[in-house]
Every structure is written in structure tokens, then in C-alpha cells.
Amino acid sequence: MADLDYKSNLRLIRDHWGEYRSVHGRKRPDRIPRLVLHTQRAYLVAICHYPNKKMTSKPMYRPLNWFFLCNQALMFTAMACAVHESTNIIDMGDDLVWLIGVALIWTKSYFVHEHANDIDEIIRDFAYYDEVVRPNHDDDEILECQSYVYIIESYINIIYFVLVHMFSIAICLQPLFGEGRLPYHVLMPFDWHRHDLHPWAHWVVYVWLSLSSHHNLFTILHVEMVGFCTVIQTALNLKLLGIELRKLGDLKSLSDYQFHIEFRRVIRYHQHIINLVDKVNRAFYAPFIAQMMASFAMISITTFETMVAAKTDPRMALKFVIFTMIVFLQLSSWCTAGSYVLHLSTEIAQEVFAISDWHTKSVQIQRDLGFIILRAQKPLVFVAEPFMPYTLGTYMIVLKQCYTLLAVLRESM
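Per our numbering, the very first residue in the sequence shown carries number 5; after that it's consecutive.
Since the hints were made in silico from the structure, they are not lab data. Careful, some of the hints might be misleading.
[Claimed, not checked] Cut-off 20 Å, straight-line C-alpha distance, at most; resulting in silico cross-link-like pairs (PhoX-like, lysine-lysine):
| id | residue 1 | residue 2 |
| --- | --- | --- |
| 1 | 57 | 283 |
| 2 | 62 | 11 |
| 3 | 382 | 283 |
| 4 | 11 | 57 |
| 5 | 382 | 243 |
[Stated by the list, open to error] What follows is a list of derived Cβ distance ranges for each label pair:
| id | residue 1 | residue 2 | range |
| --- | --- | --- | --- |
| 6 | 128 | 78 | 32 to 40 Å |
| 7 | 276 | 185 | 48 to 56 Å |
| 8 | 17 | 200 | 40 to 48 Å |
| 9 | 289 | 215 | 37 to 45 Å |
| 10 | 314 | 275 | 36 to 44 Å |
| 11 | 215 | 357 | 24 to 32 Å |
| 12 | 78 | 21 | 32 to 40 Å |
| 13 | 411 | 15 | 49 to 57 Å |
| 14 | 317 | 215 | 41 to 49 Å |
| 15 | 389 | 93 | 53 to 61 Å |
This structure is a prediction, so every number in the text was calculated from the model and none was measured. Idealized CB from N, CA, C, for every residue including glycine.
Model the full structure from these sequences, guided by the hints.
In C-alpha cells form, the structure reads like this:
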């Protein structure tokens, strides 16, 4: 589906709700229409943030993509230039949080700009089970797992879609209740950001910031969903691999030759998943690093600012609490999904060992079983070295480091 044109991607977005309802309403599991990843990619194509080979063949698509990237950089510059105007530590903390957020959005947007074709290849690799391992299967357990993951991904997408749009509306409407305020603290040439000096220019800046904010939040939502669904689909493939191994052990009537053929198919599937994780780690290297650094910085700043603002400005304290919850939710989602992949990858060895009567097989088959057990000892993790992998252990380490930094900041006050 990477070769779909712009209109076909729009139709894919339009049809997603109907496809989700059809899968959700089934009484018996059946094949899913397509991966949710295809819909997330279609959203990125629609907002001109997915310049793969197909879309860059269109004359206006790449210039539009560069326009939005430059617009994000311009917004970051306008916000960075205004930091020195902060009159107290609370306002400066607010400016820094927004700056980190915009920098993270630009980093991930540029990542998609550079690696759109790599993402296409990763999405194609997730079809390996249905196309190579079991092209014509009708196993209820397999279909139920695929349908369940499809519904979970769709649920998460719908919930985040609503929350992000509510957050964006709140950002844009908040300045309307104050005198001469903008959605973000920016510094524009010729004081265009000042309502008392340039009222018309001020409203132009307000509209620009509001539209840019909505587009940026919409972009980061679907870039995040592409990455998150990639982790979930990896977990699903490991789950299917475990089911294949368990069912292989139940086939007691197979001869050693037939067992060897079926087992080779499963070994290739395991190797495919290992290669897929390596490919994801290479393609998502910059976003993984940016996410870890931004999460650490934002958790530390927002927690500290909440404590400071709670004494003097409850409204700002509530704002920082919301920021903290958003960052916690984002980081915990990544680390929880990453830990689940790690757990499933280590369970493969147990599934192999649980194959019934494996000790009665030929020496060659026992050697193959030992090989896959040995290979499964190295867990699969999503990591951007030299940083730590996305696991719950890393999540706890980040929280501990944030708490240490928070204690130092409190002592310095």
C-alpha cells in the first residue's frame, strides 16, 4: 500500500471507521482489512509529512513538506527568542516546556522526512506472517489475536485523536480570555506580537500560531502512533510465533522430515522478527534518542515548576500538572509496550522447550531446537545506543534521575 496516491490515502482514512466497526462487530474472528499502521501512514500523507517515493513523484508534495518543516523551525525560533523576556522562573519554565515540545515535534517530523521509505519497508515486513508463513490460514486463535490487536490500536488512536484535538482547542482558546495574549510566548519582528502596538498584526500572529499548533499536534500524534503501532505489531508477531511453536508441538503424527520442514518455517519467522527489530532500531534511532531526552527534561522541569507555582499561581500549577501527565503517559506507553516485547521474546525459549516429545526427535532436530532456545536468550529490545532500552526498568531509572534532579533544584532555591 506504499504506492497509494494522495486521493487513495484520503479514501483509506475515510473508510477506517467503517472497517473498525466491522471488525469490532464480528461474532467470529476473521481476517482484518489492513493494519492500523496503513491508516496512520495515510494521515501523515494527508498532512504532507510523508515524502516517500510515491508522494515525492508529485511535483508539489516535497515543497509542501519542506514548507511545514520550515514553519515548525520558524515557530521554534520565535519562541526561543522570547525566552529572555520571562520575568520569573515560572514563566521561563513554561517557555522551556513548549520549546522542548516543539523541538521534539520537529525532530520526529524530520525523521519521517528522511525515513519514509524505511517505514514503508517496515510496514511491509509486518505482512510476513499472512504472506509467507501461513498465506491461507483460518486458525481462530491467530485471527482472534490479530483482531484483538487491531481493535486495541484503533481504540488508542481514537482516544488520542480526541484528547489531542481537545488539547489543541484549549491552547488556541485560552488567549481569547486574556488581554493581548497569544497561544505561545513568541517574539516577532517589529513587535508584531504586541496587541497594543499592532492589533491587526497581532491577530495574524495569533491565527498563524493556532493553525501551526494544530498541525504540529496532529503531526506528532500520528508519528507517535506509527512508532507505537510498530512496537505493538512486533509484540503480536512474537505472540503468533509462540502459538506456531505450541501448535507444532501438538502435531505428534508428523515424521521427523515433516517436522523439520515445519520447524524451518518457524525458524525463518523468528529470524524475520529479529531482523525487523534491528531494522526498527536503525530507522527510529533519532526519535528514540529525542524521546528519551525530551521526556527526562520535561518531567524534571514540569515537576519542579508545579511545586514552585503551587504556592503563588494555582492556574500555572494545574497547567504544569497536565504537562507532567502527558509526558508520563507518553513515556509509560512506550516503556510498557517495549517491556511486553522483551517478555514475549524471552518466552520463545520456553515455548520451544515445551514441545512435547522433543527428546525423541532426531539429533538434527534436537540441535535445531537447541539453536532457537539459545538465540531466544538474547531479548529483543527497542533501543538507541548508547541510551537505555524502552522498558519498565528504564522508566523507573528515568523517574529516579528526575527525582534526584528535582531534589537538587529544591535545595538550590
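Results of checking the hints against the structure:
For the proposed pair residue 57 and residue 283, the alpha carbon gap of about 19 Å is at most 20 Å, so the pair holds. For the hint linking residue 62 to residue 11, the alpha-carbon distance of about 12 Å falls within 20 Å, and the restraint holds. Only pairs whose Cα atoms come within 20 Å are accepted, and residue 382 paired with residue 283 is accepted, the gap being roughly 17 Å. Taken as a hint, the residue 11 and residue 57 pair is honoured in the structure, with Cα atoms around 16 Å apart against an allowance of 20 Å.
With a C-alpha separation of about 17 Å, the suggested pair residue 382 and residue 243 falls inside the 20 Å cut-off, and the hint holds. Distance hint for residue 128 and residue 78: a CB-CB separation of about 35 Å, consistent with the stated range 32 to 40 Å. Between residue 276 and residue 185, the C-beta spacing of about 54 Å keeps the proposed range 48 to 56 Å intact. For residue 17 paired with residue 200, a C-beta distance near 43 Å keeps the hint of 40 to 48 Å intact.
Between residue 289 and residue 215 the Cβ separation comes to about 31 Å, which falls outside the hinted range of 37 to 45 Å. Restraint check, residue 314 to residue 275: a C-beta distance of roughly 54 Å breaks the suggested window 36 to 44 Å. At roughly 57 Å, the beta-carbon separation of residue 215 and residue 357 lies outside the given 24 to 32 Å, and the hint is violated. Taking 32 to 40 Å as the suggested C-beta distance range, the pair residue 78 and residue 21 conforms, at roughly 35 Å.
About 54 Å separates the C-beta atoms of residue 411 and residue 15, a value consistent with the hinted range of 49 to 57 Å. As the Cβ distance of residue 317 to residue 215 is approximately 29 Å, the hint placing it in 41 to 49 Å is violated. The hinted range of 53 to 61 Å is not satisfied by residue 389 and residue 93, whose Cβ atoms lie roughly 35 Å apart.
Hints 9, 10, 11, 14, 15 from the earlier list are contradicted by this structure; the remaining hints agree with it.
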